[in-house]
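Chains as they are written, first to last, in our numbering: chain A, 89 to 654; chain B, 1285 to 1368.
The set of hints was computed from the structure by calculation and includes no laboratory data.
These figures come from a predicted structure and were not determined experimentally.
Each residue gets a CB set at the ideal place from its N, CA and C atoms; glycine is no exception.
Hints are all accurate, no fakes.
Beta-carbon label-pair distances, calculated as ranges:
#: 1; chain 1: B; residue 1: G1339; chain 2: A; residue 2: A233; range: 41 to 47 Å
#: 2; chain 1: B; residue 1: G1321; chain 2: A; residue 2: A545; range: 38 to 44 Å
#: 3; chain 1: A; residue 1: P148; chain 2: B; residue 2: G1339; range: 37 to 43 Å
#: 4; chain 1: B; residue 1: G1321; chain 2: A; residue 2: E546; range: 33 to 39 Å
If the Cβ cut is set under 10 Å, some of the chain A residues that face chain B in the computed set are:
#: 5; residue: S407
#: 6; residue: P558
#: 7; residue: T560
Listed here are the chains, written in short residue letters.
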Amino acid sequence: MTTFVPRRVDDLERLLGDPADPTNPVGTRAVLEADERAEMLEAGEKALHVFGLNAEFVPPEYGGRLTRVDHLVEVMRAVHRRDPALALGYGASSFIAGVNIWTASPGEQAARVARSLLSGGRVAVAFHELAHGNDMAGTEFTAAADGADLLLNGRKEVVTNIRRAQDLLVLARTDPRPGPRSHSLVLVDRASTPGAGIRDLPRFLSVGMRGVQLGGLEFTGVRVPATAVLGPTGAGLEIALKALQITRTALPAMATGGLDTALRTAIAHLSSRTLYGGAAIDIPHVRSVLVGVFADLLRAEAISAVGIRALHLVPGSASVYSAAVKYAVSKVLLDAMDRLAELLGAHFYLRGGPTAIFQKLLRDLAPVGFGHIARAACQMSVLPQLPLLARRSWLTGDSAPADLFALDAALPALRYDRLALHAAGRDPLAASLAAALDEPWDSSDRQLRAVAETDLAELTSLAGACAALPMTELGVDAPPEAYDLADRYIALLGRISCLQVRRHATDPFLADSPWLLAALHRSHRNTPLAGAVEDALHRELLDRFHSHRSFGLAARTLTLREENAR
Amino acid sequence: MTPGTTDVRTWLTERVATYLRRTPEEIDTSLPMTDYGLDSLTALAVSADIEDEFGLVLPPEITWDNPSVDGLSRIIDGLLAEAK
Ligand SMILES: Cc1cc2nc3c(=O)[nH]c(=O)nc-3n(C[C@H](O)[C@H](O)[C@H](O)COP(=O)(O)OP(=O)(O)OC[C@H]3O[C@@H](n4cnc5c(N)ncnc54)[C@H](O)[C@@H]3O)c2cc1C
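Just chain A, same shape as in the assembly (with noise of 0.2 Å):
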């Protein structure tokens, strides 16, 4: 049994029920009629408060389960196969919360939000203003000092949850001047803040996650104690940006979820659709649609599980491996939904019938792409690292230790104190190409040798056109060519990552080749595979299908599925 997967999936996914039994509060049929009336699935809000779903989003010293991001994100997945707008709607806000508040301060606020989020509180991230999206440095909400206090003026728009949150973190100016140190985090505990001076705002109404209640809030002159500022004042950014390195990692990765479904949903209607005189899902192009999109979801998983290990591994570099996993695995996801959709035709776009729920995924994966962070920003958020990676790291840095890779190694506890804010040039993933091929290799991996060769060759490449940029030029004004270095990058780190979890793994399936030649030759080209490469990844596809077990790295059993077909 792998050990990245915790035992408790089995009892959160035996709590949910069967998605397909029209009966089940919590199943899919359920699902939709909520998101029809774009309501959170109360039954399921139920189901999620009874296994205590906030427990996984605190720290064990605060008396939560967070012990191990991989973990989460396979408990989270599990919701998101069946609802991300529950995942994220239930949840998934105030973890992205919760990582600012662990990482501001260890303190007696921290375990007040933390009793609050164990008894089933929640508690919103109220960052985003409309007026500035990801230009957080942008923000207007003011927080300023008056005697003990601090005035709150400002508003905050499409934010989850912020009318039903007991807690807000809100990110506030602390001063006017421009800079790094002119922003603060406020925690505005409602019980306690007198309500006069807080307007709500009408909710926003969105194409996806519809249950999820987007909302904002006005203040006008809100007193609170000077005590609600986190950490120092002036660190909002600084705290900020360090704590979203672990929901940048994390939110994509659970986004996987929902593409399992979709898979099933589609592989399942294929099965039962005849097309000239034969069933849909033997049709050859139909067949190598399919087994790309599993390829992609094991690649996507892939470059996950690494970026996962880092934060807990080698926090330091998480800076650049954060934004490249949500760089990278949003894109992988947000495409392979594009294909699946083509290969439904109609179905993709009814909104009842057996495969209605996957016209809901569509919607409500698109986020993945844009929210929390904009795909071009992470692009941005690299550029100006690219030097320093280059001339420290990509062909002679210090390799990373093997548990990087190691999906069944023991992970030490997160530490949010060793989150950097750039990794001073320190990439010990892309400094393990060069260490892999100076190692001995099975005769049998030869082609994948070569495979290896030919990336160092474009690490090296890039890495002669990077060392010279002149870092000064690469914020926000840099050139467009300049993101395709970034794109190069990533597609890289994407690539190595995904080598080393099958070079690491014990699994038989994750140790043998097909499934990473699949992965490699789809990061290069939307073409088909190799007859052998598919032949084998069909066999293992149609299996986990009809024996009901994921399609993701874990290969989990669905033990409810399972248990009922008994």
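Following the hints, complete the assembly by docking chain B with the ligand onto the known chain A.
Only chain B with the ligand this time, still in chain A's reference frame:
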């Protein structure tokens, strides 16, 4: 006490002046470098140069704390003394 050994301070003043396209004489080493329009990316570049020149590892937040050339020289001196 003089802030920073002259070596470190002179070197740093020259680096900063180059990035800001000024002469070293124009830089008042007691003022925050941001007063001269030193932005966060230039600060990152300066800190990378310091690391390369002196074989040090600087805390990444350093570039965010509006240091002056004097202040930064003092930090470098401290780290160099520690490394000995
Ligand atoms: C379902 C949902 C839930 C949300 N929940 C919350 C919440 O709980 N709390 C909260 O605070 N916010 C929340 N938001 C808001 C979310 O964080 C914003 O959507 C996000 O901040 C981005 O803003 P924007 O899309 O308006 O992007 P903008 O910043 O306006 O960007 C628009 C485009 O400009 C380009 N761009 C932006 N930055 C760069 C860059 N650096 N380099 C190059 N190009 C760039 C990109 O192409 C980008 O897509 C939520 C949004 C959604 C959809």
